[in-house]
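2 protein chains.
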Amino acid sequence: MRAEPMTGLAPAAPQQGADFAQWMHRTAARTESALERLLPSATVVPQRLHEAMRYAVLGGGKRVRPLLVHAAGEVAGAPAAALDCAAAAVELIHAYSLVHDDMPCMDDDALRRGKPTVHVAYGEATAMLVGDALQALAFEALAAAPDGGAPTVAAAAMCAELARAAGSVGMAGGQSIDLDAVGRRLDLPALEDMHRRKTGAMLRVSVRLGALCGAAMPVERMAALTRYGEAIGLAFQVVDDILDVEGDSTTLGKTAGKDSASDKPTYVSLLGVAQSRRMAAALHREACDALAPLGAPAARLRGLADLIVLRSA
Amino acid sequence: MRAEPMTGLAPAAPQQGADFAQWMHRTAARTESALERLLPSATVVPQRLHEAMRYAVLGGGKRVRPLLVHAAGEVAGAPAAALDCAAAAVELIHAYSLVHDDMPCMDDDALRRGKPTVHVAYGEATAMLVGDALQALAFEALAAAPDGGAPTVAAAAMCAELARAAGSVGMAGGQSIDLDAVGRRLDLPALEDMHRRKTGAMLRVSVRLGALCGAAMPVERMAALTRYGEAIGLAFQVVDDILDVEGDSTTLGKTAGKDSASDKPTYVSLLGVAQSRRMAAALHREACDALAPLGAPAARLRGLADLIVLRSA
Chain L
1 MRAEPMTGLA
11 PAAPQQGADF
21 AQWMHRTAAR
31 TESALERLLP
41 SATVVPQRLH
51 EAMRYAVLGG
61 GKRVRPLLVH
71 AAGEVAGAPA
81 AALDCAAAAV
91 ELIHAYSLVH
101 DDMPCMDDDA
111 LRRGKPTVHV
121 AYGEATAMLV
131 GDALQALAFE
141 ALAAAPDGGA
151 PTVAAAAMCA
161 ELARAAGSVG
171 MAGGQSIDLD
181 AVGRRLDLPA
191 LEDMHRRKTG
201 AMLRVSVRLG
211 ALCGAAMPVE
221 RMAALTRYGE
231 AIGLAFQVVD
241 DILDVEGDST
251 TLGKTAGKDS
261 ASDKPTYVSL
271 LGVAQSRRMA
281 AALHREACDA
291 LAPLGAPAAR
301 LRGLADLIVL
311 RSA
Chain A
1 MRAEPMTGLA
11 PAAPQQGADF
21 AQWMHRTAAR
31 TESALERLLP
41 SATVVPQRLH
51 EAMRYAVLGG
61 GKRVRPLLVH
71 AAGEVAGAPA
81 AALDCAAAAV
91 ELIHAYSLVH
101 DDMPCMDDDA
111 LRRGKPTVHV
121 AYGEATAMLV
131 GDALQALAFE
141 ALAAAPDGGA
151 PTVAAAAMCA
161 ELARAAGSVG
171 MAGGQSIDLD
181 AVGRRLDLPA
191 LEDMHRRKTG
201 AMLRVSVRLG
211 ALCGAAMPVE
221 RMAALTRYGE
231 AIGLAFQVVD
241 DILDVEGDST
251 TLGKTAGKDS
261 ASDKPTYVSL
271 LGVAQSRRMA
281 AALHREACDA
291 LAPLGAPAAR
301 LRGLADLIVL
311 RSA
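Top line first, the protein sequences correspond to chains L and A. Counting from 1, one number per residue, gives the positions in the first sequence under the working numbering. Counting from 1, one number per residue, gives the positions in the second sequence under the working numbering.
Don't read these hints as lab results, they were simulated from the structure. By construction, the Cβ of each residue, glycine as well, lies at the ideal position given by its N, Cα and C atoms. Errors might be hidden in some of the hints.
[To be verified] One side of the interface only, derived from the structure: several residues of chain A facing chain L at Cβ under 7 Å: (1) Phe20; (2) Leu129; (3) Asp132; (4) Ala143; (5) Ala160; (6) Leu179; (7) Gly183.
[To be verified] Ranges between beta-carbon positions, derived for each pair: (8) Glu36/A - Ser41/L: 39 to 45 Å; (9) Asp19/A - Ser33/L: 52 to 58 Å; (10) Ala29/L - Glu246/A: 53 to 59 Å; (11) Gly60/A - Ala110/L: 35 to 41 Å; (12) Gly272/L - Ala81/A: 52 to 58 Å; (13) Ala223/L - Glu36/A: 31 to 37 Å; (14) Gly114/L - Ala274/A: 55 to 61 Å; (15) Gly123/L - Pro116/A: 24 to 30 Å.
[As the list claims (entries may be wrong)] These stretches of chain L come out as covered by chain A in the derived footprint (C-beta under 8 Å, 3 or more residues): (16) 41-52; (17) 58-66; (18) 128-136; (19) 172-184; (20) 278-290.
Okay, chain L solo, but in the shape it has when bound (with noise of 0.2 Å):
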């Protein structure tokens, strides 16, 4: 897989490119601005869990959700203030789950984002307790209003969104999920019910949120949104399934061939690379076509469909 594009797939056009990268280059910038500011400073008691929250979130990841977030932004006209809001409120429940998800009782993974894993530099209890706290403040950065400013109907709808994508039927759900299907043999609408759960719901939500961040707009784009953020939701998880047989660990920045080691049911070991290329393909269609209505101002969310589809970590 590695930077190739794949069959069926249009990379980016060209004179898109530049303006493409820049864009995606200053979100992620403020998105990490925005992660500094509401991220206590490890001066604040507690030090130490403030510094692994920190560790934690900053500095690293490819912020996928917050680019999502703003470009689904970009669609409704939504101020950039309330953007950054829920586009680190996304960050942070992903961040927590990363964390969680790395530790002994879960995959027990030493090695994120090229760094050892939060439970390795600061022991479990920590590493639990950063989790705990980078969820309850994912909410806060959703529900408090930017600037200090009064909380809105708006804010509580978003926190209403983002807790089911991350609960029992979303995030978490399609987590124990994964867990009870070790060694088992899933049927590929098993393979899909998990992942919708497990990556696509906080996907498909960052799109949502970054749409409701704005005016409100007509039923039939945010259902298009909401298709495209499934459609990519997917494919996410059917390129991560890929580059975990193809990549290397070192591009990755997390320890690669380890859901096959595991025995973890993949696309890749259900279909075989060539299929689940195939399937990457159509789900990158799928997304596009989504979007066919909503014009140039989705521009940079069929820009974020290459990039997820055509990336190489």
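Got chain L sorted already, so can you dock chain A onto it with the hints?
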């Protein structure tokens, strides 16, 4: 300690007794119903996670935090449906914290509310996910309007308050200070700071959320309720420390003598039993003094202050 009244404490007036006991029973029962409705059925996928979440939450616990929500709600004339959501939210946060605290990397406790702890019954990985999913469900309970109505501005403000109380400067932060304190000698201000976060923040926010469920109240009334919440929050922990030394495991439903055996700093280890009792009594008076200007509608809160200081488990 057990059930006998402590020096300086007037027990609830006899004529209040039966009515108060009925109110507690009724409120605990409606909290149980609210939790039962909010928690997905054990037949919903992923079944094992949902079964474990229900095991962790239903059919046990004193429901002190929900009682505080409802009692404060009476002062604010809040509607019962909104109070049920807030009560369930604080109890879900409390339940998640117990599941995670009991795990081997934290307190490593095998018994809770007289039953095997969640990780003993379901394994560590599931216990971690149970805690994670219960935290998300708490925010969903608070953010989503009762009976499927539209979300409200108050719900967003309440989510922000709950997040701060549960997070790194609140409950999770208190846990972190507690971890670092094992085997060290804390002075009284440091011990108090730890407990204001670890237990106090959630009791305080229970009172505040109950009040926020009603119509906006004058700042000084909210300040009085907050002072009450802070005083009983600390009293609760002082009494917990006394019970850890003087209670027995059967009455407590958890392992007695655990804190002293693990060399954790406690009020009893720092002040001795007699002085700890005097401190609990002083905090009880402080709580009741704060309620004085609120008159008759604060009767339930007075009853709960008595209960918290006089409890034997």
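Mind checking the hinted window 53 to 59 Å against the Cβ distance between Ala29/L and Glu246/A? Between Ala29/L and Glu246/A, where Cβ atoms are some 57 Å apart, the hint holds.
Holds or violated: the hint that Gly183/A contacts chain L, with Cβ atoms closer than 7 Å. Given a least distance of 14 Å, the restraint on Gly183/A is violated.
Tell me whether the statement that chain A covers the region 58-66 of chain L is true, taking a Cβ distance below 8 Å and needing three residues at minimum. Result for this restraint: violated, n = 0.
Check the following: the C-beta atoms of Asp19/A and Ser33/L are separated by a distance inside 52 to 58 Å. Given a distance of about 55 Å, which is inside 52 to 58 Å, the answer is holds.
Cβ distance range 52 to 58 Å for Gly272/L and Ala81/A, holds or violated: The hint (52 to 58 Å, Cβ to Cβ) holds, given that Gly272/L and Ala81/A are roughly 53 Å apart.
So the hint says 55 to 61 Å: do the beta-carbon atoms of Gly114/L and Ala274/A match that? 56 Å, holds
Leu129/A was flagged as interface toward chain L. Is the shortest Cβ-Cβ separation under 7 Å? This interface hint holds because 5 Å falls under the 7 Å limit.
Check, residue by residue, whether the region 41-52 of chain L contains three or more positions whose beta-carbon lies closer than 8 Å to a beta-carbon of chain A, and give the verdict. holds (count 6)
So, Phe20/A near chain L? Judge it on the closest CB pair being under 7 Å. 33 Å, violated
8 Å C-beta criterion, at least three residues: is the region 128-136 of chain L covered by chain A: The restraint on the region 128-136 of chain L holds, since 7 of its residues have a Cβ under 8 Å from chain A and three suffice.
Taking beta carbons only, do three or more residues of the region 172-184 of chain L come closer than 8 Å to chain A? Since three or more residues must qualify, the claim that chain A covers the region 172-184 of chain L holds, with 7 doing so at under 8 Å.
Given a cut of 7 Å on the nearest C-beta pair, is the interface hint for Ala160/A held or broken against chain L? Given a least distance of 4 Å, the restraint on Ala160/A holds.
Comparing the model with each numbered hint stated earlier shows that hints 1, 7, 17, 20 do not hold.
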